[in-house]
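Asks: One letter stands for each residue in the lines below.
There are 2 protein chains.
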Amino acid sequence: MLKLFEYNWQVRKDWFAWCQDVSEEDLPKKRTGGVGGILHTLFHIADVEFSWISDLQGKREFTEPFEDYANLQKVTDLSARFHEEVRPFVMSWTNEMESKELSELTSAGEPVNFKYGEIMRHVIAHEIHHIGQLSVWSREVGKAPITANLIRRGLF
Amino acid sequence: MLKLFEYNWQVRKDWFAWCQDVSEEDLPKKRTGGVGGILHTLFHIADVEFSWISDLQGKREFTEPFEDYANLQKVTDLSARFHEEVRPFVMSWTNEMESKELSELTSAGEPVNFKYGEIMRHVIAHEIHHIGQLSVWSREVGKAPITANLIRRGLF
Numbered sequence: 001m002l003k004l005f006e007y008n009w010q011v012r013k014d015w016f017a018w019c020q021d022v023s024e025e026d027l028p029k030k031r032t033g034g035v036g037g038i039l040h041t042l043f044h045i046a047d048v049e050f051s052w053i054s055d056l057q058g059k060r061e062f063t064e065p066f067e068d069y070a071n072l073q074k075v076t077d078l079s080a081r082f083h084e085e086v087r088p089f090v091m092s093w094t095n096e097m098e099s100k101e102l103s104e105l106t107s108a109g110e111p112v113n114f115k116y117g118e119i120m121r122h123v124i125a126h127e128i129h130h131i132g133q134l135s136v137w138s139r140e141v142g143k144a145p146i147t148a149n150l151i152r153r154g155l156f
Numbered sequence: 001m002l003k004l005f006e007y008n009w010q011v012r013k014d015w016f017a018w019c020q021d022v023s024e025e026d027l028p029k030k031r032t033g034g035v036g037g038i039l040h041t042l043f044h045i046a047d048v049e050f051s052w053i054s055d056l057q058g059k060r061e062f063t064e065p066f067e068d069y070a071n072l073q074k075v076t077d078l079s080a081r082f083h084e085e086v087r088p089f090v091m092s093w094t095n096e097m098e099s100k101e102l103s104e105l106t107s108a109g110e111p112v113n114f115k116y117g118e119i120m121r122h123v124i125a126h127e128i129h130h131i132g133q134l135s136v137w138s139r140e141v142g143k144a145p146i147t148a149n150l151i152r153r154g155l156f
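These protein sequence lines are chains A and B, in that order.
With full-length UniProt numbering, the residue at position 95 of the first sequence is 95, and numbering never jumps.
With full-length UniProt numbering, the residue at position 16 of the second sequence is 16, and numbering never jumps.
Mixed in with the good hints there might be a few duds.
Unchecked claim - Computed Cβ-Cβ distance ranges for the label pairs, DEER-style: (1) D14/B with F16/A: 29 to 35 Å; (2) S23/A with S92/B: 26 to 32 Å; (3) E98/B with Q57/A: 26 to 32 Å; (4) M91/B with D77/A: 39 to 45 Å; (5) E67/B with F62/A: 44 to 50 Å; (6) N71/B with K59/A: 47 to 53 Å; (7) R153/B with R139/A: 29 to 35 Å.
To be verified - Pairs of lysine-lysine, PhoX-like flavour, derived with a Cα cap of 20 Å: (8) K3/B with K100/A; (9) K29/B with K143/B; (10) K13/B with K143/A; (11) K59/B with K13/B; (12) K13/B with K30/A; (13) K30/B with K74/B; (14) K115/B with K59/B; (15) K3/B with K115/A; (16) K13/A with K3/A; (17) K3/A with K100/B; (18) K29/B with K74/B; (19) K115/B with K3/A; (20) K13/B with K3/B; (21) K74/A with K29/A; (22) K30/B with K3/A; (23) K30/A with K143/A; (24) K30/B with K115/B; (25) K59/A with K100/A; (26) K74/B with K13/B; (27) K100/A with K13/A; (28) K59/A with K115/A.
Unchecked claim - Computed list of chain A residues with no C-beta within reach of chain B, every gap over 12 Å: (29) W18; (30) D26; (31) L72; (32) V90; (33) V123.
It should be emphasised that the hints constitute simulated quantities derived from the structure, not laboratory data.
What you are looking at is a predicted structure, and each value in this text was computed from that prediction instead of being measured.
For each residue, glycine too, the CB sits at the ideal point set by N, CA and C.
Start from the sequences and build out the full structure, keeping to the hints where you can.
Replies: Rendered as structure tokens:
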């Protein structure tokens, strides 16, 4: 579990560095699919990871809109700030936490239960999926994407 | 580990069903990013999963080109055939296999070692990443993508 989080964090860091060479118009530009743009995707990834892991810790979710963070420095800083709160929880994960239950309410007000292990894997898959979208849009910008390879990253 | 494979297999099956309603021109059509098309991506995902897991079992990789499988039925059948060989290995995964070593040669002929656990996570991330690309291209075709959510799939 931990290795896949470390992979995501490394890839996200690489994408923030990648963004440094992209024009200020291209990063927030509206695009087809996903949440609709490169910078908005990075914001969304950081938001979703933080909000779910806050839920697992009984802390408040993040609810501020992308519009308040629509430049590269702000999203980079937000992601770094969230990382400081997310990382200790992920690093202290144990197998016993797998089957703990999180109770939420759906938007219709219905109770719904999730296993902690289910939420953790959801968060992992969520980031990788959205990064896949960045890899398409990177070609529209005319730049090669960050490699998605998990091997050869020094993680093992 | 197993849950993320099950997630990928379920999502892949959903995408094959999704393809049924897409025109025969749109599926192989060349697109920006990734391996360059919807059908080619599904072929590539099945190929990479099968080839790495064959490596871990000391079996031969798959080396046939996409061009020999460039229609929906052929890729669906290939993925199903590969699944029969991949699934027993994944289902019998144990923690002791994590640190087993796979020795490969790079394209330059240099020896390189991977941990079995590293390869398994690489395969998981590889599929999720490429499915993220499909989710962008699906909008180009005018169809909603398959949900990438891992929660609410009955996996836990």
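Asks: Please go over all the hints and tell whether each is borne out by the structure.
Replies: Now for the hints, and whether the structure bears them out:
Between D14/B and F16/A the beta carbons are some 31 Å apart, a value that agrees with the proposed interval 29 to 35 Å. The hinted window of 26 to 32 Å between S23/A and S92/B is violated, with their beta carbons roughly 50 Å apart. Distance hint for E98/B and Q57/A: a CB-CB separation of about 27 Å, consistent with the stated range 26 to 32 Å. Range check, M91/B to D77/A: about 43 Å between beta-carbon atoms, so the 39 to 45 Å window is met.
Distance hint for E67/B and F62/A: a CB-CB separation of about 47 Å, consistent with the stated range 44 to 50 Å. Separated by about 50 Å at the C-beta atoms, N71/B and K59/A satisfy the suggested range of 47 to 53 Å. Between R153/B and R139/A the Cβ separation comes to about 30 Å, which falls inside the hinted range of 29 to 35 Å. Restraint check: the Cα-Cα separation between K3/B and K100/A comes to about 16 Å, which is no more than 20 Å; the hinted pair holds.
For the suggested pair K29/B and K143/B, the alpha carbons sit about 15 Å apart, so the restraint of at most 20 Å is met. For the hint linking K13/B to K143/A, the alpha-carbon distance of about 32 Å lies beyond 20 Å, and the restraint is violated. The suggested pairing of K59/B with K13/B is violated, with an alpha-carbon distance near 25 Å, which exceeds 20 Å. At roughly 30 Å between alpha-carbon atoms, K13/B and K30/A are farther apart than 20 Å, so this suggested pair is violated.
The suggested pairing of K30/B with K74/B holds, with an alpha-carbon distance near 18 Å, which does not exceed 20 Å. Restraint check for K115/B and K59/B: satisfied, since their Cα atoms lie roughly 17 Å apart, inside the 20 Å limit. Between K3/B and K115/A, the direct Cα distance comes to roughly 12 Å. Compliance with the 20 Å bound is thereby established for this hinted pair. Between K13/A and K3/A, the direct Cα distance comes to roughly 15 Å. Compliance with the 20 Å bound is thereby established for this hinted pair.
This hinted pair checks out: K3/A and K100/B have alpha carbons roughly 16 Å apart, not beyond 20 Å. Between the alpha carbons of K29/B and K74/B the distance comes to roughly 16 Å, so the proposed pair stays at or under 20 Å and holds. Between the alpha carbons of K115/B and K3/A the distance comes to roughly 12 Å, so the proposed pair stays at or under 20 Å and holds. A hinted pair counts as satisfied when its Cα atoms are at most 20 Å apart, and K13/B with K3/B qualifies at roughly 15 Å.
Under the criterion of a C-alpha separation no larger than 20 Å, the hint pairing K74/A with K29/A is consistent with the structure, at around 16 Å. Restraint check for K30/B and K3/A: the C-alpha separation of about 34 Å exceeds 20 Å, so the hint is violated. Taking the CA atoms of K30/A and K143/A, the gap is near 17 Å; set against the 20 Å cutoff, the hint holds. As the CA atoms of K30/B and K115/B are separated by approximately 35 Å, the hinted pair breaks the 20 Å bound.
Between K59/A and K100/A, the direct Cα distance comes to roughly 16 Å. Compliance with the 20 Å bound is thereby established for this hinted pair. Distance hint between K74/B and K13/B is fulfilled; the C-alpha atoms sit about 14 Å from each other, no more than 20 Å. Pair hint K100/A plus K13/A does not hold up; C-alpha atoms about 30 Å apart against a cutoff of 20 Å. Distance restraint check for K59/A and K115/A: the Cα-Cα separation of roughly 17 Å lies within the 20 Å cut-off, and the hinted pair is therefore satisfied.
The non-interface label for W18/A is consistent with chain B: the shortest C-beta to C-beta separation is roughly 14 Å, beyond 12 Å. Under the 12 Å C-beta cut-off, the non-interface status given to D26/A relative to chain B holds; the minimum distance is some 14 Å. Remark: the non-interface label on L72/A is consistent with the geometry, its nearest Cβ contact in chain B lying 21 Å away (cut-off 12 Å). No Cβ of chain B comes within 12 Å of the Cβ of V90/A; the nearest lies about 15 Å off, and the non-interface call holds.
At roughly 9 Å from the closest C-beta of chain B, the C-beta of V123/A falls inside 12 Å, breaking its exclusion from the interface.
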